[in-house]
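**Q** Note that the protein sequences, when read in sequence, are chains A and B.
Using the working numbering, read the first sequence as starting at 45 and increasing by one per residue.
Using the working numbering, read the second sequence as starting at 45 and increasing by one per residue.
Derived from the structure by calculation, the hints contain no laboratory data.
Any given hint might turn out to be false.
Said to hold, decoys possible - Straight-line C-alpha distance at most 20 Å; calculated EDC-like pairs for lysine to aspartate or glutamate:
| no. | chain 1 | residue 1 | chain 2 | residue 2 |
| --- | --- | --- | --- | --- |
| 1 | B | 135 | A | 100 |
| 2 | A | 269 | A | 289 |
| 3 | B | 147 | A | 59 |
| 4 | B | 62 | A | 289 |
| 5 | A | 166 | B | 61 |
| 6 | A | 147 | B | 61 |
| 7 | A | 166 | B | 186 |
| 8 | B | 103 | A | 289 |
| 9 | B | 64 | A | 186 |
| 10 | B | 135 | A | 186 |
| 11 | A | 135 | B | 100 |
| 12 | A | 147 | B | 188 |
| 13 | B | 103 | A | 61 |
| 14 | A | 64 | B | 100 |
| 15 | B | 166 | A | 188 |
| 16 | A | 96 | B | 316 |
| 17 | B | 103 | A | 59 |
There are 2 protein chains.
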Amino acid sequence: MGIIVQKFGGTSVADSDKIKNVANAVIKERLNGNDVVVVVSAMGHTTDNLVKLSNEITKNPDPREMDVLLSTGELISMSLLAMAIDDLGYKAVSLTGLQAGIKTENCHLHARILDIDTSRVKRHLLEGKIVVVAGFQGFCEESDITTLGRGGSDTTAVALACALNADRCDIYSDVEGVYTADPRIIHTAKKLKEISYDEMLELARVGANVLHPRSVEAAKLNNMKMRVRSSFKLDDLGTLIIGVDEMELNKPVTGFACDSSQVRIVICDIEDKPGNAAKLFNLLASEELSVDMIIQSYARNSKNTNDIAFTISKSDMAKFESIKNKINEIVNASNIYIDEDIVKVSIVGAGMIDRPGIAAKMFDTLASQNINIKMISTSEIKISCLIEKKYATQAACALCSIFNLDGAEMADVKGDLPPV
Amino acid sequence: MGIIVQKFGGTSVADSDKIKNVANAVIKERLNGNDVVVVVSAMGHTTDNLVKLSNEITKNPDPREMDVLLSTGELISMSLLAMAIDDLGYKAVSLTGLQAGIKTENCHLHARILDIDTSRVKRHLLEGKIVVVAGFQGFCEESDITTLGRGGSDTTAVALACALNADRCDIYSDVEGVYTADPRIIHTAKKLKEISYDEMLELARVGANVLHPRSVEAAKLNNMKMRVRSSFKLDDLGTLIIGVDEMELNKPVTGFACDSSQVRIVICDIEDKPGNAAKLFNLLASEELSVDMIIQSYARNSKNTNDIAFTISKSDMAKFESIKNKINEIVNASNIYIDEDIVKVSIVGAGMIDRPGIAAKMFDTLASQNINIKMISTSEIKISCLIEKKYATQAACALCSIFNLDGAEMADVKGDLPPV
Chain A
45 MGIIVQKFGG TSVADSDKIK NVANAVIKER LNGNDVVVVV SAMGHTTDNL
95 VKLSNEITKN PDPREMDVLL STGELISMSL LAMAIDDLGY KAVSLTGLQA
145 GIKTENCHLH ARILDIDTSR VKRHLLEGKI VVVAGFQGFC EESDITTLGR
195 GGSDTTAVAL ACALNADRCD IYSDVEGVYT ADPRIIHTAK KLKEISYDEM
245 LELARVGANV LHPRSVEAAK LNNMKMRVRS SFKLDDLGTL IIGVDEMELN
295 KPVTGFACDS SQVRIVICDI EDKPGNAAKL FNLLASEELS VDMIIQSYAR
345 NSKNTNDIAF TISKSDMAKF ESIKNKINEI VNASNIYIDE DIVKVSIVGA
395 GMIDRPGIAA KMFDTLASQN INIKMISTSE IKISCLIEKK YATQAACALC
445 SIFNLDGAEM ADVKGDLPPV
Chain B
45 MGIIVQKFGG TSVADSDKIK NVANAVIKER LNGNDVVVVV SAMGHTTDNL
95 VKLSNEITKN PDPREMDVLL STGELISMSL LAMAIDDLGY KAVSLTGLQA
145 GIKTENCHLH ARILDIDTSR VKRHLLEGKI VVVAGFQGFC EESDITTLGR
195 GGSDTTAVAL ACALNADRCD IYSDVEGVYT ADPRIIHTAK KLKEISYDEM
245 LELARVGANV LHPRSVEAAK LNNMKMRVRS SFKLDDLGTL IIGVDEMELN
295 KPVTGFACDS SQVRIVICDI EDKPGNAAKL FNLLASEELS VDMIIQSYAR
345 NSKNTNDIAF TISKSDMAKF ESIKNKINEI VNASNIYIDE DIVKVSIVGA
395 GMIDRPGIAA KMFDTLASQN INIKMISTSE IKISCLIEKK YATQAACALC
445 SIFNLDGAEM ADVKGDLPPV
């Protein structure tokens, strides 16, 4: 008998029928002989509606008050879920972030968890209760309410699982697992039985919206097994996320992802002298603009100038526009060119570490499709190429085909699956 | 410079525009030179919607979870109001029941306030902040959330005002004050400038839905001045509720009220022996059925039996039906007769204590209208008559006229009004 932490996202608790369905999923896990701690997000569009309300009041809501407002969404879903579990004859108790002992930094809207005092959760488990915890929230000084920002509920679930030394953390949502590629684009994409933390992190960062990287990082750090699975297909085991040493690596490439959320910026004709690039990126950093890919072209012209190109998130464009003049002052560019017509395609695989030639195979494949590569970035287990947006599907099909991401040949799971 | 506690009900914070209006009312009071503590209810129909959600989940929601659910309504309105005040350039901080130190009994759905630790509220006031407190809620053991039941937010406001030794507690809603009679029935009914706690209590109990008796009782006990006023007419001082010794009593009758929420039950032919009535009312009490008026007729028939008639709330009829058979077993009645076709008309006035003949004048007036009186109950400052429902308006007009409740001759206020 171990502890399983289950997390249910907003679509899984979107209405009362779905909450009853979640109650069944919780009890199913309990009947497997496990103690169950459940972390819930706010119902469906609750959080969006709360944000809308605050926007009607003011354009600059006080962060502390915003956290009070946002925290109510999870209080509603957790109390309803506890009622639904009670109604099925099991004892449940819901806990706010404060009651569950989730202590965070003394900051609002994107606080990090500092410590979890699990004594109350453990006591309720000993009393035979199913414990339902509000995701996305904690408390700081003076019992003030904090929220954890994007991916907050996943983070709550993993952090609780680690603090409770749970057997596993199951993330339930409306997706059935982690796929080799986006099934909406590659219809033959296959669900992976397992994936390593690092592969999941790279996929998450390049646009596979299954899990927030924060939660995967926390799981990796604590070697906590995670499972991504569907709340609507309870018999489906989904995808297990584990350490790379526990996996059988029989394929160099595990997944393909496509990210169309970025914009390419080209700063033309920067004088080629030391420190200019540093000045530029220091300015971007001081405005909290995250830069992804960077390329600096060699100075080959008579003017002895460089072009520097980089990508930023579309959502940061307003910030960028506000500092465009400052950039011009600093680096004296001839032109700042903005290209929104791009997409980043990436292949990810822990197996590529020891297998040379994967990058070359990717570039060859794109070239054979007459797709021009505008930028390249790589990590140990990921290769990303920036291409024209219109080629996104064509590139996806060609890459999934060449790296066997659409076939039946999947990475098989070594050994037994944990009981579910 | 004193402390004013303001309470705004659900209709006053029903949408974002109304919340901005409340922010203005708060700042208006602040500009009078007072420290301001604001207690808010949930927005409009929020609480109803939450109850509906819980009904979709289960018919028997766990009380502890219900309190978690219901408490969210006030968290939403208080955070939005704090944002709105901030937006107008004043510093505000919102506090949950827990953060405001409102400790209650260790029970749910209708907890009573045991104690208020005002240290945090006072500190924020010293910091120059406007403090916004969630109405209707407190905390018990282990920081668990409790709610105060009906009239909860009014109770929070008065209890806070007493604990803070405030100058006054202003209850804002969509009514402009306390009227001599219901203006929807008596169009010439007049708003009272002042009324005593006891009169307000009697009026509240007989159906003038302005204030919950709990809050008036608490105010009376602590001699806390209250003001009932409109959140939509900020220049209107509404009605001041004060001790009878502070009032000028120039009228025997201050108000008229009409209550159509009751049902008359007649238990026929109960054997006239000691203890039968006690058995009956003990049974009713054990089922938590509140009985209002009671009449026992004398045994004058050959069977040596009595009739006992009493009134209960319509909302308790389901409970009553469930124990009807038990009643028959206990008192062996020939018939249990239920009369829904009734209404209770009452006149209230602290001035009637020393003036005999008020009751006779009331009965005469009804008789002159050919209205039969089915039951009578009295207190020191109230006389109530149960009559047929169809005569409600006719009785109201006649009584308001005879007791000058519709004229211009109002109780004048002695001395100056407190600054508003």
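**Q** Evaluate each hint against the coordinates.
**A** Right, here's what the structure says about each hint:
no.: 1; hint: B/135 x A/100; verdict: holds, 19 Å
no.: 2; hint: A/269 x A/289; verdict: holds, 13 Å
no.: 3; hint: B/147 x A/59; verdict: violated, 33 Å
no.: 4; hint: B/62 x A/289; verdict: violated, 60 Å
no.: 5; hint: A/166 x B/61; verdict: violated, 45 Å
no.: 6; hint: A/147 x B/61; verdict: violated, 35 Å
no.: 7; hint: A/166 x B/186; verdict: holds, 14 Å
no.: 8; hint: B/103 x A/289; verdict: violated, 50 Å
no.: 9; hint: B/64 x A/186; verdict: violated, 28 Å
no.: 10; hint: B/135 x A/186; verdict: holds, 18 Å
no.: 11; hint: A/135 x B/100; verdict: holds, 19 Å
no.: 12; hint: A/147 x B/188; verdict: holds, 17 Å
no.: 13; hint: B/103 x A/61; verdict: holds, 14 Å
no.: 14; hint: A/64 x B/100; verdict: holds, 10 Å
no.: 15; hint: B/166 x A/188; verdict: holds, 17 Å
no.: 16; hint: A/96 x B/316; verdict: violated, 67 Å
no.: 17; hint: B/103 x A/59; verdict: holds, 16 Å
Of the numbered hints stated above, those contradicted by the structure are hints 3, 4, 5, 6, 8, 9, 16, listed in ascending order.
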